[in-house]
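Engineer: Starting from the structure of chain A, add chain B where the hints point.
Protein chains: 2
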Amino acid sequence: MNQIVKRDQLIKEWIYVAADISRTSFEQTINIEEKTNRTDLVTSIDKEIEQYFIEKIATHFPNERVLGEEGSGHQITDLKGVVWIIDPIDGTLNFVKQKNDFAIMISVYENGIGYLGYIYDVMKDELYSAVKNQGACLNEIPLKKVKDIPLREGLVAVSHRLMSSEKNDEARKIGRASSGVRMVGSAGLETARVATGRLVAYIGASLAPWDIGAGKVISEELGLIYTQLNGEKIDMLHYNKTIVATPSAHKEIIEKFKLDKEG
Amino acid sequence: MNQIVKRDQLIKEWIYVAADISRTSFEQTINIEEKTNRTDLVTSIDKEIEQYFIEKIATHFPNERVLGEEGSGHQITDLKGVVWIIDPIDGTLNFVKQKNDFAIMISVYENGIGYLGYIYDVMKDELYSAVKNQGACLNEIPLKKVKDIPLREGLVAVSHRLMSSEKNDEARKIGRASSGVRMVGSAGLETARVATGRLVAYIGASLAPWDIGAGKVISEELGLIYTQLNGEKIDMLHYNKTIVATPSAHKEIIEKFKLDKEG
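Protein chains in written order, with the numbering used here: chain A, 1 to 263; chain B, 1 to 263.
Warning: the hint list may mix true and false statements.
It does not matter which identical chain is used: a pair holds within one copy or between any two.
Simulated crosslink set (DSS-like; lysine-lysine; CA at most 27 Å straight-line) [said to hold, decoys possible]: (1) K99 - K145; (2) K124 - K147; (3) K99 - K251; (4) K167 - K258; (5) K251 - K124; (6) K12 - K173; (7) K147 - K35; (8) K173 - K124; (9) K99 - K147; (10) K256 - K167; (11) K99 - K144; (12) K173 - K99; (13) K258 - K147; (14) K173 - K35; (15) K173 - K47; (16) K99 - K6; (17) K35 - K145; (18) K256 - K132; (19) K56 - K241; (20) K167 - K233; (21) K124 - K145; (22) K241 - K173; (23) K173 - K233.
Worth flagging that the hints you see were computed from the coordinates, not collected in a lab.
With the rest of the complex left out, here is chain A (with noise of 0.2 Å):
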């Protein structure tokens, strides 16, 4: 990928920007609308802040594609070139029900290989990002890598629709051979919090691609493995159900379990 610095200084603005226009948002009347489901929400914010990033990236890389969640990128149907994946807020029901605990997420694939990722904690101002190759950070800190602790020594952070599954204890069962799950309603936060060794899983019931996207990069470049449930690689242009983890989880999990049977 060429101009990985300038992109990576750019992209960093942006997203300070966009920071400050989801928390100015708390003291305007937004508005809401629910997609799938009443707990599936997209707020003028999330579509104000793609709209930002969309308009940001045609003017200082017009001939590169955006796939982002509110719709208003490209059509995107493979992943040749540089594409950039945004989410505007991961975290949305937080965002309008905590006014916390959600994430402005930006990451830059390449024929289909990460190479930038960014996740945003806007109300703790914690940035995470990832160079590939380049090792990931925190604020500019450099993260360690992980250690590679074990199921039964860590805690996990398990989506509500797997632990709260009627068909499937299996979600549970991990839980139980845990150290404890933990919730937090954020993909990307989630992801965050394993790579900064605070969880050693996060499990996802049904991840887009830019719920993923950045939160694989920066992963990734911390020694930990994130792949579907059933072990195979991230098809980065459909849902998935997905696990990142420490290698050691990570093995136990996808051998153990059978989530990824769950419908």
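Structural biologist: Then chain B, alone, in the frame of chain A:
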């Protein structure tokens, strides 16, 4: 209760000293022991902070008794007179595994009535405090009474034990009836999130007086209802199945679900 202002000032001073002890420990090797099982931990830091509080209370209020999680206080079998209730580190598992999301809690009861309550989120530097009949504050800024949001419209926190129960699906039914489940792993911080309107309810599987004391004073000052899961009032001498919630969510959860039967 006498000397409310003096007590309030002293408690805040002590909490900030205790927080320094907890943060400083991250650079040291600390001693960790299992209590009842591998997820019920106590560290040398829990004990050191409890001892610090007990000494301070003995110096300033020599005739008053202390009920502390780590057992270095008095043997308490009644609530006559003034009783200090201490949780040196609430969320010890988070303290050990995450170095984050733990709280220091103090409350002061007289003849069974809570007069002062404090929950300090050490890593966020957020001190929740309340004085009976004078409202509650976050870092000295008064908190507003919570809005009476119904279960369906809000997020809930549920203890891991109830969410993972093999015997009883009721906790998960509550989760599905809400907007979503979040799990922090600290009774104090989960109660603080109800107190600030981020959650509409927090359900605890088995809370001791030191898990409850401070949060009950704070949440009741803000219009929340804090009871056992069967609707009866909290027993401050024993373990309780608990719920703290908005009036609407409290009524719905107690009437519609049978969580108090869960083993």
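Engineer: Hint numbers the structure violates, sorted upward?
Structural biologist: 5, 6, 8, 15, 16, 17, 18, 19
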